[in-house]
Amino acid sequence: MKRYTSLISCALMLAGGLTGCKNDDITPAVGGLAGTWQLADRQCFCRPTPLPDETIVFTATDFTQYENGTLTNQGTYTIGTPTLCGLAASAPGLIFQITTPASHSYGATYSIVGDKLILDYGSPCDGPRNTYTRKAPQKRP
Numbered sequence: 001m002k003r004y005t006s007l008i009s010c011a012l013m014l015a016g017g018l019t020g021c022k023n024d025d026i027t028p029a030v031g032g033l034a035g036t037w038q039l040a041d042r043q044c045f046c047r048p049t050p051l052p053d054e055t056i057v058f059t060a061t062d063f064t065q066y067e068n069g070t071l072t073n074q075g076t077y078t079i080g081t082p083t084l085c086g087l088a089a090s091a092p093g094l095i096f097q098i099t100t101p102a103s104h105s106y107g108a109t110y111s112i113v114g115d116k117l118i119l120d121y122g123s124p125c126d127g128p129r130n131t132y133t134r135k136a137p138q139k140r141p
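Read in order, the letters of the sequence shown correspond to residues 1 to 141 in the numbering used here.
Rather than coming from a laboratory, the hints here were simulated on the basis of the structure. Please read all numbers here as calculations on a predicted model, not as lab measurements. Don't take each hint at face value.
[As the list claims (entries may be wrong)] Estimated spans, in silico, between C-beta atoms of each pair:
| no. | residue 1 | residue 2 | range |
| --- | --- | --- | --- |
| 1 | Thr131 | Ala34 | 12 to 20 Å |
| 2 | Pro52 | Ser105 | 31 to 39 Å |
| 3 | Ser105 | Pro137 | 28 to 36 Å |
| 4 | Ala136 | Gly80 | 24 to 32 Å |
| 5 | Tyr106 | Leu51 | 17 to 25 Å |
| 6 | Ile79 | Pro48 | 28 to 36 Å |
Every residue gets a Cβ at the ideal spot worked out from N, C-alpha and C, and that includes glycine.
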């Protein structure tokens, strides 16, 4: 009987330990991107310039990018593994298909931690690494 009590106690402790584990995956599903993001920081090997007033608006499949209120890029995106200079090919990324102003594509790795979105366009090879903060939705009067 003592043996069974010990086995049951061990099983309960193991079950409690497993349910207490948290998932450390910081990259959410596509729905986590939806919303408006404001550029908060840019890291790059480039000449120092003031941070532009840049926002990106994501839906489930589309994005629109503005700088100083002017449309700069618009198109669709998919989640995949973009090929980026100096970054691991297995990192989660976004592949942007630009339709406006001209048709082309590019990629970036991404992660979301709290209200921060990090897009890395190949920072080991002088590409920028942009950090955005999620903007709260506008309240209607």
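The hints, checked one at a time:
1. Thr131 x Ala34: 12 to 20 Å: holds, 18 Å
2. Pro52 x Ser105: 31 to 39 Å: violated, 22 Å
3. Ser105 x Pro137: 28 to 36 Å: holds, 29 Å
4. Ala136 x Gly80: 24 to 32 Å: holds, 29 Å
5. Tyr106 x Leu51: 17 to 25 Å: The hint (17 to 25 Å, Cβ to Cβ) holds, given that Tyr106 and Leu51 are roughly 21 Å apart.
6. Ile79 x Pro48: 28 to 36 Å: holds, 33 Å
Taken one by one, the earlier hints fail for this structure only at number 2.
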